[in-house]
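Number of protein chains: 2
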Amino acid sequence: MIFKYRRGNPIKTDSTVMYIESNNELDFFNKIIKDKKILFDIDENTFVYGLGGSNRGINKIGYTYTSYCSDDPVHTEDKTSLYAAQNFFVIKNKKDIFGIFIDSPSKITYDVGFTEIDKFNIEIESEDYDIYYIKSKTILDIVKEFRKLVGRSYIPPRWAFGYGQSRWGYMNEEDIIRVYDKHYENNIGLDMIYLDIDYMDNFKDFTINKERFPDLEKLVKNLKNKNVRLIPIIDAGVKIEKGYDVYEEGVKKGYFCKDEKGNDFVGSVWPGLVHFPDFLNKDAREWFGMKYKYLIDKGIEGFWNDMNEPAIFFTDRGIENMFSKIEKYRGKKDIGVFDLWEMKDSFMEMNNSDLDYKKMYHNLDGNIINHYNVHNLYGYNMTRSAGEMIEKISPEERKLLFSRASFIGMHRYGGIWTGDNFSWWSHILLSMQQMVGLNMCGFMYIGSDIGGFSGNCSEDLMMRWLEFATFTPLMRNHSAIGTRNQELYQYKNINKLSSIIDIRYRLLPYIYSTFMKCVLRDEMYFKPLAFEFDDEISIRIDDQLLIGDEIMIAPVYKANQNGRIVYLPEEMKMVKFKESNVLCEEILEKGHHYIKTELDEFCIFIRKGKKIPYANIAKNESEVNFDVFNFLGYDNATYEYYNDNGIVREVSEKYIKTI
Amino acid sequence: MIFKYRRGNPIKTDSTVMYIESNNELDFFNKIIKDKKILFDIDENTFVYGLGGSNRGINKIGYTYTSYCSDDPVHTEDKTSLYAAQNFFVIKNKKDIFGIFIDSPSKITYDVGFTEIDKFNIEIESEDYDIYYIKSKTILDIVKEFRKLVGRSYIPPRWAFGYGQSRWGYMNEEDIIRVYDKHYENNIGLDMIYLDIDYMDNFKDFTINKERFPDLEKLVKNLKNKNVRLIPIIDAGVKIEKGYDVYEEGVKKGYFCKDEKGNDFVGSVWPGLVHFPDFLNKDAREWFGMKYKYLIDKGIEGFWNDMNEPAIFFTDRGIENMFSKIEKYRGKKDIGVFDLWEMKDSFMEMNNSDLDYKKMYHNLDGNIINHYNVHNLYGYNMTRSAGEMIEKISPEERKLLFSRASFIGMHRYGGIWTGDNFSWWSHILLSMQQMVGLNMCGFMYIGSDIGGFSGNCSEDLMMRWLEFATFTPLMRNHSAIGTRNQELYQYKNINKLSSIIDIRYRLLPYIYSTFMKCVLRDEMYFKPLAFEFDDEISIRIDDQLLIGDEIMIAPVYKANQNGRIVYLPEEMKMVKFKESNVLCEEILEKGHHYIKTELDEFCIFIRKGKKIPYANIAKNESEVNFDVFNFLGYDNATYEYYNDNGIVREVSEKYIKTI
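Chains A and B, in that order, are what the protein sequence lines are. FYI, full-length UniProt numbering numbers position 414 of the first sequence as 414, with every residue one higher than the one before it. FYI, full-length UniProt numbering numbers position 622 of the second sequence as 622, with every residue one higher than the one before it.
Hints may be right or wrong, so weigh each one.
Heads up, the list lumps identical chains together, so a pair's fine if it works in one copy or across two of them.
[Claimed, not checked] Dumping the calculated DSSO-like pairs for lysine-lysine here, alpha-carbon to alpha-carbon at most 27 Å:
1. K258 with K333
2. K4 with K37
3. K325 with K119
4. K119 with K182
5. K332 with K107
6. K95 with K12
Simulated from the structure, these hints should not be mistaken for laboratory data.
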């Protein structure tokens with residue numbers, strides 16, 4: 001059952017695909033809503049789940065989260081906003097269980113037992129919003145109802161479930177070819193190589209640097225012949241440069257965001273000065289989305305949309321403010337500590353400043369709207385722009401598309417990665433925990449930068465991260481320029497690393513089939529134990545995940561461990577992998593077990609009475625036999641297997657066979 | 001057995017108190033030392049312990065650590081230098097076990113299986129150093145030998161084991177009185193209130209702001225009548241101000257560090273422009289140390305030495321560099337991203353810059369030495385200055401003294417706190433892990449800022465942090481100005497919080513006695529399980545600690561948990577505390593156990609056949625009966641009880657009775 005409360009005249013987000021009549025008189029709404037505030041009582045038996053890829057644990061209690069897409073790469077525990085803004089959550093306590101979706105692009109703050117340990121306070125900045133109240137018997141039922149409300153999740157081609165190698169720092173064709181060759185020589189599975197910003201001519205979207213990539217089309221073709229795809233980045237900002245067609249057209253057609261005077265808004269990002277396409281304007285969306293054709297025509301089959309919070313490094317306003325702050329102190333004797341900090345702050349505030357966002361305007365169906373009020377819709381609509389037009393360009397075949405910023409609704413057009421993380425052990429766990437909230441909000445094709453984007457990744461960290469990422473739909477090794485090279489062949493024990501990738505490919509029929517069923521049926525691919533088991537131990541476990549209906553994973557995410565404690569909520573069959581193969585299998589009783597796993601070993605736990613497909617060793621999705629394979633798990637079990645051609649856009653029960 | 005290798009002519013650190021003849025021909029040294037590098041092979045069965053309060057886990061394998069005292073408050077996993085520089089470690093592998101102490105004040109980098117997973121590389125910047133190789137049967141024996149080499153650890157008065165409340169932001173006498181009153185009214189135990197920088201007149205050491213503290217002596221006396229001590233901060237930098245006696249004397253006597261022209265070196269810290277006392281100069285040390293008498297004469301009985309890495313916020317050099325960098329861009333059109341970052345970097349490099357440290361000079365026994373080469377000795381010698389002179393001022397009675405920066409040798413003069421941490425759950429665990437390396441290096445009176453210095457501390461985080469800190473010798477709640485107030489009375493469930501403090505006082509006879517025995521016998525107060533048990537599980541456990549010989553703790557350090565898995569390496573008796581009392585006791589078998597502990601519950605595990613003293617409920621150290629108490633643990637056990645008057649400087653076996 002879904003009930004809706006409408007306050008004022010909310011901005012249309014297109015998050016939902018079903019119409020629900022509002023029912024403002026409902027007792028429930030009157031109890032919890034006080035103007036722009038929503039209040040719930042909580043206690044030590046309350047659990048709050050959801051809020052997409054927000055910070056901290058699976059259970060959101062104990063901190064504050066602000067929905068405000070933020071380009072902040074340092075995801076320490078104290079950060080309240082990461083890249084996404086996803087306003088759906090479920091509250092479960094002893095008496096009750098229900099879901100809430102706040103459909104509003106405005107800044108929303110969730111104080112979940114932080115300021116007051118027994119209160120969950122929500123504050124919506126806007127006067128206008130829709131709130132959906134979703135009532136059902138279980139968390140999974142509530143999620144399913146919610147997912148129906150917001151529409152079917154995006155599906156990438158099957159090859160996008162292969163392993164991808166990325167790095168900001170591949171400068172030219174030779175770099176790309178070397179990455180391919182090194183994977184090939186070292187027998188490391190590979191399906192995708194990603195192009196970060198350096199493939200472009202001066203960071204201009206839909207251009208190619210001809211010196212570095214003299215014949216991209218040929219490079220794409222050559223790699224495609226080896227079944228490896230090149231996946232370029234597209235940034236939100238369009239470089240201001242006379243003669244550059246995207247810029248010229250955008251200006252002419254009025255498709256860029258405006259400033260308060262009605263001129264095209266100017267910010268600085270990688271290309272230098274840019275305008276920002278007005279993705280809230282349907283015409284601009286169609287126009288920009290069709291630009292992807294330029295690269296699709298060169299054989300490109302996938303994209304990642306970046307910098308679309310949108311990130312703004314600085315504007316003239318910020319620069320002027322900085323110079324004027326600093327001017328005061330020029331030549332001054334005895335500059336004080338607080339003087340210096342004032343100067344420093346003038347630098348710090350420039351980056352992604354609300355003062356700039358508040359000077360930027362959109363044209364939404366003819367209405368001029370301040371960007372600050374719809375900030376959370378920007379990345380969503382960039383990816384919608386691409387998704388809608390790519391479907392027009394390629395109506396039969398799926399293409400790969402994922403985004404950094406996101407908002408509920410965007411899940412229909414693309415996946416996401418969790419943005420710039422660090423080579424921290426704690427970020428393995430964080431990304432595990434993020435997967436749950438993201439799935440609840442409809443984001444299914446998801447993953448984190450394996451090994452960490454910033455910082456230097458050691459071999460053991462890479463190994464453990466890969467072992468978890470074996471189960472994320474998006475499995476991409478990505479890192480920043482200036483950090484230690486972290487392609488798998490950079491380490492000492494390449495065989496050990498590549499053998500983890502081998503397991504990924506052996507499990508690909510299972511991973512893909514599970515993913516497809518979850519999308520088709522609005523189910524969750526990643527679930528915490530708490531969503532299926534209600535014993536006292538299961539409900540608190542935040543470092544194990546159920547994958548589909550058949551397996552549980554319990555990755556090692558701490559340094560210098562050769563095993564970990566795993567809790568089995570029921571009997572399961574442990575299958576341990578090593579050297580591209582099953583090392584051992586054992587049926588384990590319900591309860592806690594210390595599972596020994598050396599660095600290059602990892603486990604799945606197959607649920608009682610279940611089995612899963614287990615394919616041949618392959619180094620590429622094309623080499624995986626999706627029709628003939630063995631099984632892991634319990635004898636006499638059956639498995640519902642989803643098997644299409646891996647590319648068809650249709651999603652249907654007809655592709656499912658019980659085997 | 002201790003062997004010494006000497007290279008060149010090392011700077012005298014006074015880290016050691018025993019003379020060891022050097023034996024450069026020893027095969028061991030020739031195998032591992034290559035000029036300024038030391039190399040060990042490691043494998044998956046190697047463990048490296050020690051390096052004081054350095055970052056990351058108890059086992060140091062998997063990362064890089066640089067000994068270089070750094071005022072960096074953001075202790076994320078990627079930081080290589082924290083506040084301390086402590087160059088003792090133990091390597092244990094299948095074949096061998098030994099300790100290494102590098103006695104050199106220079107920057108030293110330890111790459112422990114990070115760059116190459118099978119190599120432990122050490123690089124010493126200086127050409128001159130002593131290396132001690134310590135061979136014995138067990139880790140604990142090696143630690144004991146090392147501790148004999150470097151001398152007996154500092155001991156504070158017994159009241160310093162009570163609970164302390166601190167905050168940067170107590171501005172005046174009224175604030176202090178309110179803190180006392182609120183603790184009293186709410187029945188929260190208290191022994192110390194700390195004064196951060198605002199008690200001083202313009203941040204000048206050994207001055208009092210008369211407007212804010214019109215009669216400090218009286219305040220001290222009034223609080224002392226209630227058995228609460230006021231503990232002021234002392235910073236390293238001395239404000240440049242005409243007429244200020246410390247400044248005037250220091251200049252006149254030539255006791256400040258010099259610049260390259262021989263003028264007194266100038267840096268900016270809290271007071272504005274300062275000189276830095278040359279703590280490497282014995283005369284300057286005596287002079288500065290005697291200044292503490294000014295406050296001791298007002299009844300003060302303890303101090304914390306801060307900013308003694310030394311922190312330098314900026315110098316004229318940095319400011320000039322910044323202005324010149326920025327000047328280039330003034331009025332420039334189209335400032336690029338990298339232009340802006342160059343400007344920003346010119347701000348960032350100002351703080352604690354090596355460029356400044358390299359312009360600062362010491363007078364060590366008549367030799368002029370560049371600060372950069374002896375940087376790690378600075379905080380050590382500040383605290384040595386205070387410790388040596390306070391002992392002269394008060395030869396009979398111990399005083400409280402601890403420091404932020406440290407180096408081995410300093411452990412004889414004071415304790416340390418782990419510096420500016422964050423209100424992060426992960427920092428409970430980090431501080432647990434730091435305790436081990438610190439104890440190995442001789443630092444015994446230690447603790448971390450409870451609740452976190454930076455960031456906002458929620459009630460549940462405070463509760464769990466207190467539960468761990470119940471066992472740290474230094475138990476201080478400290479936080480930064482601008483953060484959420486985190487005195488215990490600021491939260492909803494004050495009783496639950498204060499009942500944890502009650503347990504601290506009930507365990508005070510045990511904590512103090514254990515501490516004293518460990519100092520007397522060069523033993524460790526905090527030990528990982530690996531130091532006493534060699535089973536496969538114990539050696540990997542990094543989140544449980546043994547305290548003395550009698551108990552094990554396994555704190556809950558994760559949010560939203562009402563229990564955790566605890567591993568018992570042998571049978572133990574669990575004692576669970578709640579509401580200031582024992583809630584239950586149970587003998588548990590060897591193995592893993594899920595121990596349920598609600599937010600306000602916590603456990604100790606008493607080792608088989610042991611018992612510990614358990615005193616009356618008290619709200620202050622003076623109320624604890626150290627002569628008459630009950631016991632927790634196994635019947636028929638005995639306990640070696642150290643019981644002196646809590647203040648006498650003598651340490652002796654004579655104070656130990658078996659009871």
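So which of those numbered hints doesn't the model satisfy?
-> Checked against the structure, the hints that fail are numbers 3, 5, 6, while the rest are satisfied.
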